[in-house]
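S.K.: Top to bottom, those sequences are chains A and B. Note that the working numbering has the first sequence beginning at 1473, numbered continuously upward. Note that the working numbering has the second sequence beginning at 452, numbered continuously upward.
Hints should not be assumed to be uniformly reliable.
[Said to hold, decoys possible] So the derived list for chain B, only partly shown, Cβ under 8 Å to chain A, looks like this:
1) Y458
2) A461
3) A465
4) P608
5) R685
6) R693
7) G728
8) R738
I should point out that these hints are in silico values taken from the structure, not numbers from a laboratory. It should be emphasised that the depicted structure is a prediction, and the values quoted were computed from it without experimental measurement. Just so you know, even glycine gets a beta-carbon here, dropped at the ideal spot from N, CA and C.
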Amino acid sequence: MGELRFRDDEALEQPAVTLDAFLDQSNATAVRLEPDEDARLLIPHLDRLALVEIAFPKFRDGRGYSSARILREAGYKGELRAQGDVLVDQLREMRRCGFDSFAPEKPLDPAVVKTTLDRYDQVYQRAADAAVPVWKLRHG
Amino acid sequence: MYKYDQYDQAIVDARVDEFRDQVRRRMAGEITEDQFKPLRLMNGLYLQLHAYMLRVAIPYGTLDSRQMHMLAHIARKYDRDYGHFTTRQNIQYNWIKLEDAGDILADLATVEMHAIQTSGNCIRNISSDQYAGAAADEVADPRPWAELLRQWSTFHPEFSYLPRKFKIAVIASDEDRAAMRLHDIGIQLVERDGKLGAAFYVGGGMGRTPMVAPLIKDFVPIEDFLSYAEACLRVYNRYGRRDNIYKARIKILIHELGADEYRRQVEQEFAHVKSLGIDPPAAELERITAFFAPPAFEAGAADTVDRSDPDFAVWLDQNVKAHKQPGYAIVNISLKPVGGIPGDASSAQIDVMADLAEQYSFDELRVTHAQNIVLPHVAKRDLYAVWQKLVEADLASPNLDLISDIIACPGLDYCSLANARSIPVAQKIAQRFSDLDRQRTLGELKLKISGCINACGHHHAGHIGILGVDRKGTENYQLLLGGSGAEDTSLGKITGPGFDEDGVVDAIERVTDKYLELREGGERFLDTYRRVGFDPFKEAIYG
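With the sequences and hints as input, model every part of the structure.
M.R.: Rendered as structure tokens:
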């Protein structure tokens, strides 16, 4: 499984440009964020973005998780893609941070992807997904 | 004590299934060791010098007899019949087989236990005051707040790949029994205008660059508690250094930014995070707090103890502490017999402690960061019976906070990071000072040994600290003086050139002799050191 997508709309054909290029040119609708780039710079431009691709050069570098949540918290509704060294055991956390598409460098086993994403029915905390934290279930 | 509901249990059960699957994929070669490493680490499974080591979480150091018996069962069935209690109030097993890990987790899950986030670059087990709920000086029991943090931090999706590990301690007394300001976040519950809140100290730690955490926020009310923690962590996850593993802890970020700038960034992030609705309603803290209601103490229980047995009286004076409830006491069980390995207990001893808790301490035990065990609520009339049973089990060493009550990391006997052995040094020191009268004459003296600069043995915080290093292929021990992990937190200072194993024991003896010569009145070693300074001791050591 190369690309993994959890959206109903058509995938965008336009390639993602760098953050610098995006901020310089007004017509791009897809941008790529490196781990050290500030996702908040995109907030004024969210309405013209269809794709934000967040780079994971190393799976251990967790900055992209914060970038993703920041964009979702700011109301970004477009595609949010994790690209790079993305491992199957990270998909659940990434989905919870708001990623809805994945372009892993090494293909993932679809069966393991399904088991991994279906495994947990409960979560302890609110994040960028729709999952209801257990404290909410406890107290309504 | 906190009890799982169906949600807590479902999460821990799913974790067992997940880890079994990860182990299966690793053993089938579907994932590489490099990819498996962070997964097993987030579940407390380390590859050590000789075998896998599994660290089991004991949230805020509290457990009941059923859980304690399970720890004995695991030692017996899957390890070599003993376990090692750690400075983070956990237990670790040193001889685990990878293929058994899933079964061990399944056994643990039957008693509401797990190994989640006991390692890895994530938020670790929350630690606390071992006297919580029993200490007269606390403003509240800190454990409900620690449990809130445990749940919030468990599988936190944003903070599972932090720059480095992250340790949080929660206390609620002015007397600090948990080395709170030597944590990434140290929280002290405080009262203001009749309302409870959390003071946040952020950016402390030991390791190769020890730092005492500065106060970042003096009062965070419960309704903002998790939002504030989230803001602290988000600033760290985004801006903590990732270029150098040795500079990746939050203390370095705060040191480089300055506490004021870090605070400004956290406040800014908090203003945003607060709008996300991540704080549970007050009813959730109330629900958790109900589990920590005081046990059914007997009103009017006898407040006197028969001291006619002199050995018992010695233990009573050294290991038993005042309880807030008249007629009750806090019993410390020392895991530091002379010649033993600090923090180790056999499965038979673990079972004895579990039985004592069930019979005499309202079914509760605590693990302390000094690697001892506490029976928090023992009726004074039962103390003699408890002591007799401890004597039978070789658990009655009357040396709490004395020089032989040593904190030591596993060192080069087990650990793949260590440069030197810690255990034999601890044993030699305990043997040199084995005369109890001599130890009692020296009084409170906290001695802490680490086998490398990562400081798992808290050497920076020892009144006397020892750091094992590798010097041209031989083990060498540096001596530090003047550290403290208590409310008067301070970092020890290295005395000078290091020693070999016997040499460092001799040097400690020169330090304690000097102390006895210089002390005034009821001064502890640390008080004398602070009054007279470093030089007289340095002179005594090196001549």
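S.K.: Of the numbered hints stated earlier in the document, which are not met by this structure?
M.R.: none
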